[in-house]
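Participant: In order, the protein sequence lines correspond to chains A and G.
Quick note: the first sequence uses this note's numbering, first residue 1, plus one each step.
Quick note: the second sequence uses this note's numbering, first residue 1, plus one each step.
Hints are supplied without guarantee of correctness; some may be wrong.
Computed footprint of chain A on chain G; a stretch qualifies when at least three of its residues, placed anywhere within it, have a C-beta under 8 Å from a C-beta of chain A [to be verified]: (1) 35-45; (2) 63-70.
With a straight-line cut-off of 25 Å between C-alpha atoms, the simulated SDA-like cross-links for lysine to any residue are [claimed, not checked]: (3) G:Lys13 x A:Leu177; (4) G:Lys299 x G:Leu347; (5) G:Lys180 x G:His543; (6) A:Lys166 x G:Glu67; (7) A:Lys170 x G:Glu61; (8) G:Lys209 x G:His12; (9) G:Lys13 x A:Glu149; (10) G:Lys422 x G:Gln362; (11) A:Lys171 x G:Ser38; (12) A:Lys166 x G:Ser397; (13) G:Lys70 x A:Glu149; (14) A:Lys166 x G:Asn44; (15) A:Lys192 x G:Arg522; (16) A:Lys166 x G:Ile14; (17) G:Lys413 x A:Glu154; (18) G:Lys55 x G:Val93; (19) G:Lys8 x G:Val93; (20) A:Lys192 x G:Gln17; (21) A:Lys170 x G:Val19; (22) A:Lys170 x A:Glu154; (23) G:Lys120 x G:Arg522; (24) A:Lys170 x G:Glu67; (25) A:Lys171 x G:Pro412.
Derived by calculation from the structure, the hints in this document are not laboratory data.
No experiment lies behind these values; they were computed from the predicted model shown.
A virtual CB, placed ideally from N, CA and C, is assigned to each residue, including glycine.
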Amino acid sequence: MFGEKALELIREFNRNKDGNLGPYNEDGVRQVLEEMQVLYEANQNDVAQLVQDTSDQTSLTAVQIRHDSLQRNKRCILAYLYNRLAKIRSLRWEFGSVLPPDIKNNMSEKEVQWFTRYNRSLANYMRSLGPGGLDLTQDLQPPQNVYIEVRCVEDRGELELNDGSKVLLKKNSLHYLPRSQCEHLIRQGVLKHIT
Amino acid sequence: MLLTDPVKDFFHKIVHQRVLVMVALDVDALCACKILQSLFRCDNIQYTLVPVSKKSDLVREYEEHKEQNKHIILLNCGANIDLLNTLDPSEDVTFYVIDSHRPIDLVNFYCERQVYLILKHNQQEIDAIPDYDVIYREYDSDEEESEGDDDTEQVSKRRRFDEASLMRKKERREWEERRKEIIFDYEEFSYYGTCASLIVYDLAWRMSKDNNELLWWAIAGVTDQFQNKRIGRDRYVTGVLELQGHMSRLNHANEDEDNSKSIDCMRINFEHDLDLALYRHWSLFESLCHSISTVSAFKVWTNIGMKKLHQFLAEMGIPLTQCKQNYEFMDTKMRDNLQTLVEESALKFGLKNLKFQSFSAQYGFNHKICASDAVYSVNALLENIKLTDTNGMTDKSNFVDALEGLSRISAPKMKEGLELAKLQLQAIRNNVGTFIDVGQVLSYGPFLYTSIKEGSPDYKYFSHPTHLNLFSHYLLQSYVRSLGKSKREKAIHLPLVICAPCDIEEGISIIAGIPPLADDSRKNLFGNAFIHAAERTKSRTSHDYFDSSIITMKNEDRSKFIDALITIMT
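Please take these sequences and the hints and turn them into a complete structure.
Facilitator: Right, here's the structure in full:
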């Protein structure tokens with residue numbers, strides 16, 4: 001049936017939506033585009049014939065169906081491409097400007113180019129905020145305190161702070177530390193912020 | 001050493017340092033911890049919180065954390081143990097001890113540099129501590145060497161020397177004996193001083209950093225001491241009066257109708273409350289069945305007792321359906337008059353001390369809780385027996401849960417704790433009934449003795465010290481009330497020793513002793529008695545808890561230990 005392969009693309013993206021980016025389904029996209037090409041040419045012929053022979057309107061419905069399928073395929077491909085780009089953008093905020101190689105392998109060339117351009121605009125914007133620029137990607141939420149209270153979820157050993165003093169992270173111990181130094185541990189899930 | 005000015009000598013010294021706070025596992029220590037936490041947050045002092053339940057925990061955590069922290073604060077632990085010997089700290093480590101356990105170890109008191117005690121200046125307590133000269137004395141080197149040098153002397157001189165040295169030896173022996181006697185008298189009774197949360201609240205007040213939240217935690221600490229019968233009524237009332245002063249200062253905005261504070265601020269009210277356990281979160285009937293005063297007065301484990309209880313309810317004029325209804329759904333007219341009704345009928349049925357002075361906190365229209373309920377809830381959270389966690393970790397996760405429950409009066413953990421408290425009170429009430437029916441409370445002469453068997457269904461609740469103590473108080477009161485008049489006169493002066501299984505696989509039981517009912521000062525002599533009995537019988541005991549009247553020991557040594565205890569105490 002028309003539009004099935006496009007739906008397959010969407011399903012595949014949906015399956016991967018919680019994890020990191022899945023591989024770019026080059027084949028799938030190509031097949032959908034081929035199907036669209038076939039439909040379009042058939043439609044061209046039919047429309048030419050309809051215009052010529054105004055008495056025989058039987059192929060009108062066929063044209064309608066093909067037209068709708070074309071639009072459906074277009075919508076599905078656009079959704080697929082757009083959502084992948086949105087995912088790549090969120091990966092920039094999570095991982096930073098250099099993506100791990102396995103994710104990079106999953107992106108198509110065009111997507112890689114898009115990513116570099118996005119990086120560049122984001123860097124330009126952050127540089128323009130205030131003197132010396134402001135790194136927006138550092139904190140998950142706007143920081144409210146210099147120091148925060150955290151609880152350690154698992155045994156991690158010693159953590160060395162910027163001023164040289166060490167903190168022993170044991171399971172279920174509570175600490176009051178400068179925010180900047182425990183952010184990365186909170187992101188990893190070792191520490192939990194207590195509100 | 002005793003600190004005279006806690007603000008200057010303690011707080012200002014740690015302002016730019018990292019601190020390690022070791023917190024004992026009881027509600028008072030947790031409240032003090034919460035107050036300290038908020039003070040630290042005001043000044044951005046970095047801290048690490050570590051819960052410790054026993055002396056061995058204290059040593060272990062100290063070993064692990066000693067490199068990273070030079071300033072260590074001990075909350076409700078450490079005053080009655082010799083810190084310098086037990087922990088063997090290096091020269092630059094300072095300990096600040098805020099502890100309600102007494103008697104204070106003499107080494108801690110007289111140590112000049114490393115151990116600082118932060119106490120309320122109670123002249124009586126300080127007078128009770130023996131003088132420096134009685135305990136410590138310089139050893140003259142003459143006394144040691146006199147034996148060696150005589151050989152070269154002439155005979156007459158030698159004889160004179162001998163007399164002088166004999167005199168000195170005799171004097172030293174006398175001094176040592178007197179010293180032992182004085183130390184024995186000093187350490188004979190263990191009791192509790194001002195609660196830690198009140199001391200820390202005082203510190204906050206001196207720095208003008210106190211507010212309603214801190215006051216609520218201080219209230220919870222004082223109520224905890226009273227509820228677990230660690231202090232008598234007089235000391236409790238003194239604490240309450242002091243807190244009332246602070247409360248009226250911080251909550252006076254309510255009286256002025258035009259400028260009253262919004263309903264969304266936390267407000268604390270003073271009230272004369274009924275001494276019924278959790279009655280606002282339970283039904284009236286259930287609460288009457290589970291509170292210590294009513295359980296012992298009505299003897300609810302007997303049929304006659306239940307009938308009397310129903311009579312009491314009928315006397316008050318509250319229909320039975322209302323009594324068994326959850327308190328929140330009771331008729332409003334009856335709820336409002338409840339206190340007066342109970343008070344009037346109480347005298348007829350021999351219930352004394354049913355009202356006591358307490359506080360309640362309110363936040364918005366939804367959340368209202370009274371101090372004793374909060375204490376029940378946090379106690380239950382602290383000693384929660386979680387069946388899935390491994391033994392070592394349960395303490396720590398309970399600690400974190402209990403801290404969360406204390407953080408706000410609207411915290412969901414608080415409600416969870418109330419449900420747990422209900423379960424624990426039910427366990428206590430069931431067992432009290434069975435024990436007295438079966439006659440498991442035996443009189444061993446100088447004390448009453450009872451033991452919880454391993455097979456009993458609720459034994460897990462009683463393997464923790466605070467609940468074991470609460471159970472023994474219920475049991476003692478009920479037992480004394482259930483005796484005839486003549487026996488009651490004697491029984492009121494007898495303390496109770498209770499034994500419960502602690503760890504079935506290892507065969508360890510926990511033994512606790514509580515002072516007799518008649519003693520309002522709550523001085524407990526079991527600390528020393530247990531130590532002597534253990535020494536005599538060479539039993540395998542461990543005096544690991546901060547409260548010296550609770551010990552753990554192997555099951556096999558139990559009977560000879562109790563026999564030795566009987567001999568010591570007669």
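Participant: Given the hinted pair Lys120 (chain G) and Arg522 (chain G), is their alpha-carbon gap at most 25 Å?
Facilitator: Holds - the C-alpha atoms of Arg522 (chain G) and Lys120 (chain G) are around 19 Å apart, at most 25 Å.
Participant: Lys170 (chain A) and Glu154 (chain A): Cα distance at most 25 Å?
Facilitator: 6 Å, holds
Participant: With the threshold set at 25 Å, check whether the alpha-carbon distance from Lys171 (chain A) to Ser38 (chain G) stays at or below it.
Facilitator: OK: Lys171 (chain A) and Ser38 (chain G) at ~23 Å, within 25 Å.
Participant: Please work out if Lys166 (chain A) and Ser397 (chain G) have their alpha carbons no farther apart than 25 Å.
Facilitator: 23 Å, holds
Participant: Decide if the proposed pair is consistent with the structure: Lys180 (chain G) and His543 (chain G), CA atoms, cutoff 25 Å inclusive.
Facilitator: 21 Å, holds
Participant: Within 25 Å, alpha carbon to alpha carbon, are Lys209 (chain G) and His12 (chain G)?
Facilitator: 14 Å, holds
Participant: Report holds or violated for chain A covering the stretch 63-70 of chain G, Cβ cut-off 8 Å, minimum 3 residues.
Facilitator: Answer holds; 4 residues pass the 8 Å Cβ test.
Participant: Just to be careful, I want the Cα atoms of Lys192 (chain A) and Arg522 (chain G) compared with a cutoff of 25 Å; is the pair within it?
Facilitator: 42 Å, violated
Participant: Checking one constraint from the list: CA of Lys299 (chain G) to CA of Leu347 (chain G), max 25 Å. Satisfied?
Facilitator: Holds: Lys299 (chain G) and Leu347 (chain G) sit about 16 Å apart, inside 25 Å.
Participant: Hinted pair, alpha-carbon criterion (25 Å max): Lys170 (chain A), Val19 (chain G). Please report holds or violated.
Facilitator: 16 Å, holds
Participant: Tell me if chain A covers the stretch 35-45 of chain G under the three-residue, 8 Å CB rule, please?
Facilitator: holds (count 5)
Participant: For a C-alpha distance cap of 25 Å, please report whether Lys192 (chain A) and Gln17 (chain G) respect it.
Facilitator: 23 Å, holds
When each numbered hint is compared with the structure, a violation occurs for hint 15 only.
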